[in-house]
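Could you put together the complete structure from these sequences and hints?
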Amino acid sequence: MMAFLKLLARNRLALAGLIVIGMVVVLALITPLLPLADPDVTDTPNRFKPPFSEGAILGTDHLGRDLLSRLMWGTRLSLAMGLAAAIIAATIGSAIGIIAGYYGGRTDNIIMRGVDMLMAFPYILLALAIVAALGPGLMNALIAVAAVNVPFFARNIRGITVGIAHKEFVDAARLAGMRDREIIVAEVLPNVLPVIVIAMSTTVGWMILETAGLSFLGLGSQPPQADLGSMLGEARSALITNPHTSIVPGAMILIIVMAINLLGDGVRDALDPRLKSGALSRPMPATTVDRQGAVPAAKTESLLDIAGLRTEFRVRDRLYKAVSGVDLHVEKGECLGIIGESGSGKSVTALSVMGLVASPPGVITGGAVHFDGKEIIGAPYEVLRSLRGRRVAYIFQDPLATLHPLYKVGDQLIEAIQSHDSVSSADARSRAIGLLKSVRIPNAESRIESYPYEMSGGMRQRVGIAMALANNPDVIIADEPTTALDVTVQAQILSVLSDLRRERGLAIIFITHDFGVVGQLCDRVAVMYAGQIVEEGPTAAVLRNPQHPYTSRLIDCVPTLGGGQRKLSAIPGLPPVVDNLPVGCAFAERCDKAHADCRAGPVELVKTEEARKTRCLFPEVVSERSA
Amino acid sequence: MTEAIKLTGLSKSFPVGKRLFGPPKAMVHAVEPLDLTVKIGETLGIVGESGCGKSTLAKMLVGLLPPTTGQIEIEGAVLDNADPAIFGKRIQYVFQDPISSLNPRKTIRQIMEVPLRRLHNLDKTARAARIREIFAAVNLREEFLDRYPHEFSGGQAQRIGIARALAAEARILILDEPVSALDVSVQAQVLNLLADLKKEFGLTYLFISHDLAVVEAVSDRVAVLYFGAIVEVGAARDIFANPRHPYTALLAQSAPEVGRPIAAPETAETELPDPMSPPLGCAFNERCAFASDRCRREKPALAADGSGRDFACFNPLAASQEDG
Chain A
1 MMAFLKLLAR NRLALAGLIV IGMVVVLALI TPLLPLADPD VTDTPNRFKP PFSEGAILGT
61 DHLGRDLLSR LMWGTRLSLA MGLAAAIIAA TIGSAIGIIA GYYGGRTDNI IMRGVDMLMA
121 FPYILLALAI VAALGPGLMN ALIAVAAVNV PFFARNIRGI TVGIAHKEFV DAARLAGMRD
181 REIIVAEVLP NVLPVIVIAM STTVGWMILE TAGLSFLGLG SQPPQADLGS MLGEARSALI
241 TNPHTSIVPG AMILIIVMAI NLLGDGVRDA LDPRLKSGAL SRPMPATTVD RQGAVPAAKT
301 ESLLDIAGLR TEFRVRDRLY KAVSGVDLHV EKGECLGIIG ESGSGKSVTA LSVMGLVASP
361 PGVITGGAVH FDGKEIIGAP YEVLRSLRGR RVAYIFQDPL ATLHPLYKVG DQLIEAIQSH
421 DSVSSADARS RAIGLLKSVR IPNAESRIES YPYEMSGGMR QRVGIAMALA NNPDVIIADE
481 PTTALDVTVQ AQILSVLSDL RRERGLAIIF ITHDFGVVGQ LCDRVAVMYA GQIVEEGPTA
541 AVLRNPQHPY TSRLIDCVPT LGGGQRKLSA IPGLPPVVDN LPVGCAFAER CDKAHADCRA
601 GPVELVKTEE ARKTRCLFPE VVSERSA
Chain B
1001 MTEAIKLTGL SKSFPVGKRL FGPPKAMVHA VEPLDLTVKI GETLGIVGES GCGKSTLAKM
1061 LVGLLPPTTG QIEIEGAVLD NADPAIFGKR IQYVFQDPIS SLNPRKTIRQ IMEVPLRRLH
1121 NLDKTARAAR IREIFAAVNL REEFLDRYPH EFSGGQAQRI GIARALAAEA RILILDEPVS
1181 ALDVSVQAQV LNLLADLKKE FGLTYLFISH DLAVVEAVSD RVAVLYFGAI VEVGAARDIF
1241 ANPRHPYTAL LAQSAPEVGR PIAAPETAET ELPDPMSPPL GCAFNERCAF ASDRCRREKP
1301 ALAADGSGRD FACFNPLAAS QEDG
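Those protein sequence lines, which keep their order, are chains A and B.
The end of the first sequence is residue 627 by my numbering, with every number in the run present.
The end of the second sequence is residue 1324 by my numbering, with every number in the run present.
These are calculated hints, taken from the structure and not from any lab test.
One or more hints might be untrue.
Claimed, not checked - Examples of chain A residues toward chain B, derived with CB under 8 angstroms:
id, residue
1, N140
2, A173
3, N191
4, A270
5, E341
6, S342
7, S495
8, G516
9, G563
10, G564
11, R566
12, L568
13, S569
14, L574
15, P576
16, N580
Here the structure is a predicted model, which is why all the values come from computation and not from measurement.
For every residue, glycine included, the Cβ atom is placed at its ideal position computed from N, Cα and C.
Have a look at this one:
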């Protein structure tokens, strides 16, 4: 709750709205206690007294009634009406929406078509028709406004419920013996409640306006009872001669509705889960760079050299050190594997290269990336843009998320080609077909006209690879490109990548958690743990004789085919969270060889053999595993 | 009675292109009529690629999806079309995504209490005692009980999911990809826990996964599913080493393995058949190197070969020497 208020207070306008509406509500609540004139006593000799007259601060209306008193009592009534209408509409509408969304099928169809019919009428016409049928009066106006707003809630809540009704926890509740009604109340409702609150906070102002509108037409509150709408309606005839009688209630309506809407927007933003992580705005086109200390020189002459890279996420008062000092390099035609578990920093390392880490909250705080000899961390956006896709291309895990669903794959490929190369559309098209052929997509000429949803996962990933190849890059960074695919398809994709590397001399950085894939595809491998490289070396050597205990135990965890039924070895505990890393070795907590020295201070990545490095004080001895 | 689960002619079809009145435009057969038995105390692995019907099969087994045809017998009692609550006491389900199978707005205690209260009518003190017992069995600390699901890592959340399934006191667990959302170091912890629980409580598992190595490591027998039908069933220790059905062989060759050179195991042309227009004959014939005319006309039935292996193929791969 405090966190919610803090988040709300960050939005200055919402805070202002909250203060204003809070004051109005307090005044409305204490109105009966205030020494006000009776709002309904007429005093015709004193009619149309201007504001600031004696005995009537806001003046009097056409019957000589005290405007301040009428305003206070009117505001009280209007607020109560608006709130009551909102609660009624939200309750009925949400109930309809939840039932339609939960049961689905024919129930859903019948209910929602009924709701659609209600929505087909202009709302004011519908409200008028309801009041006309029931007769004028406060209660009937309330019913009309509530009824008109039911479809809005029903539609909103139905959409949310459909999503929740298919969640696994609903299935789990069913298996635990809960009946539909209990599931709706105990499992679904708590999850749609925030949405109902958001919808209410943004519509209550609107409902106050609508009830005021009906009262203005004389269909709501009846004389002599005052609400803001009827005050405006009665003042209409004196609009020119005595404008203050209209301005007073008009200004109050404006204040209330403005304040509620500002507050409502603030509530919505504060409750939106996407904003809780601190990502309040759209990410910038390139990662923010805030480097402390000197920029390190390239450690090798390689095509791509990463030196001392540090990337952090600054989320409110927390600091997540996702990557803390990574050195890597990849040569032309080489395939480098980066292996690690989730949260080890492998993807952030890869995204940092081209400044693709979302900022905020991501910040590159140290290190350098040299591509073809030039430093590119903190390079101007234009330089990065000309390199992205043209020299360094990415392949991501889920091609369904990276391909635009509304454009044909061919058009997307052509766009990728033309964004770096000014060629005619016909040339780009024939190049696109060539690309699809190079990733072995059958019938490329017709497949180019397909939309992403028409292709299977494997085909889409081939398009993703074709897209990465569109501008003949020198380096491809593939972030778990086969994780979402079936094994038979994975084998096909790996063979495509392997052939392309050989044919085009591509450098590939292949990020994965699968030792089998690394073993088949990569020349060298770097193992990451808690944002650091713990071991690096030629794939065959690392997999056969791992030197870091983490590598060795991780390999033991992975079952391989042909081993038969058996107990697997596991690593106890969990990887450390990167906002609270230990001083010493990050793996010490889970390591059975850990020594006091391991926890005392940082452990360096040292060269142990030709082309091999390990970050361990007590590396595994070769003979331990070769037996 | 030695059969924990016995399926006879179980199938599931989904209508496509529903109309307001009259029959739908077409039916997609997610699971073709299949017969399968799981013995008490056994772990049966089910492998197959996405879209092969393994999750549909699992959901039918716990009553979350009504079968189109066929019969489900669980521990000797016929349970097709029963309520999930009746299934719940005999057979439970562990979900693939541990976090999304826990209601984000309930504490772990609230989640754990539901099956105890609904299925077994335990009172408050009995529930607390039972939860303590179960949490001890799955190595979870009791202080976790008053936390919310988002505070847990995937591995811990999956233990909670397993604990919930155990709370129903069902003797059969359907494990639907229970470790595929977990990191490898945690995956082994959960698999070992499952093995220990099985020994301790005498459970029967149906273990569904796409990871052949994991299935082989935990299962007694393995059934290979392709396009909604079982194509091969056999002992876990030799089904991938000596596959008889060409599809099993393809799966085994595709699993990435250290030290084996990359080779596309089949030509790029081949994909799963379109479920809207299933091929005539064997569903695998378009991807199969051994397909004959008969395969394109007739659907092979699952048949035993006498050595404890069942397969559905007209032109099976040769049985290896030591297999006899």
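- Query: Taking 8 angstroms as the limit, does the beta-carbon of A:P576 come near enough to a beta-carbon in chain B?
  - Reply: It is violated, given that the least Cβ distance between A:P576 and chain B is near 12 angstroms, above 8 angstroms.
- Message: Please check whether A:G563 passes as an interface residue: C-beta within 8 angstroms of a C-beta belonging to chain B.
- Response: Holds: closest Cβ of chain B sits about 6 angstroms from A:G563, inside 8 angstroms.
- Message: So, as I understand it, the hint says A:N140 touches chain B; can you test that by seeing if any CB pair is closer than 8 angstroms?
- Response: This hint is violated: A:N140 lies away from chain B, its Cβ roughly 37 angstroms from the closest one there, beyond 8 angstroms.
- Item | A:G564 as chain B interface residue, shortest Cβ-Cβ below 8 angstroms | Status holds, d = 5 angstroms.
- Item | Status of the A:N191 interface restraint (C-beta, 8 angstroms, chain B) | Where the cut-off is 8 angstroms and the nearest Cβ of chain B is about 6 angstroms from A:N191, the hint holds.
- Task: Mind checking the CB of A:L568 against every CB in chain B and telling me if the closest is under 8 angstroms?
- Result: 4 angstroms, holds
- Item | Evaluation of the interface hint that places A:A173 against chain B, nearest CB under 8 angstroms | It holds, given that the least Cβ distance between A:A173 and chain B is near 6 angstroms, below 8 angstroms.
- Query: Hey, does the A:S342 contact hint survive, CB to chain B under 8 angstroms?
  - Reply: At 6 angstroms from the nearest chain B Cβ, A:S342 passes the 8 angstroms test, so the hint holds.
- Message: Take the shortest C-beta to C-beta distance between A:S569 and chain B; is it under 8 angstroms?
- Response: 6 angstroms, holds
- Query: Given A:N580 as an interface hint, is the shortest Cβ-Cβ distance to chain B below 8 angstroms?
  - Reply: With a minimum Cβ separation of about 14 angstroms from chain B (threshold 8 angstroms), the hint on A:N580 is violated.
- Mind checking the CB of A:S495 against every CB in chain B and telling me if the closest is under 8 angstroms? 4 angstroms, holds
- Does the CB of A:E341 sit less than 8 angstroms away from some CB of chain B? 4 angstroms, holds
In the structure shown, a violation is registered for the earlier hints numbered 1, 4, 15 and 16, in ascending order.
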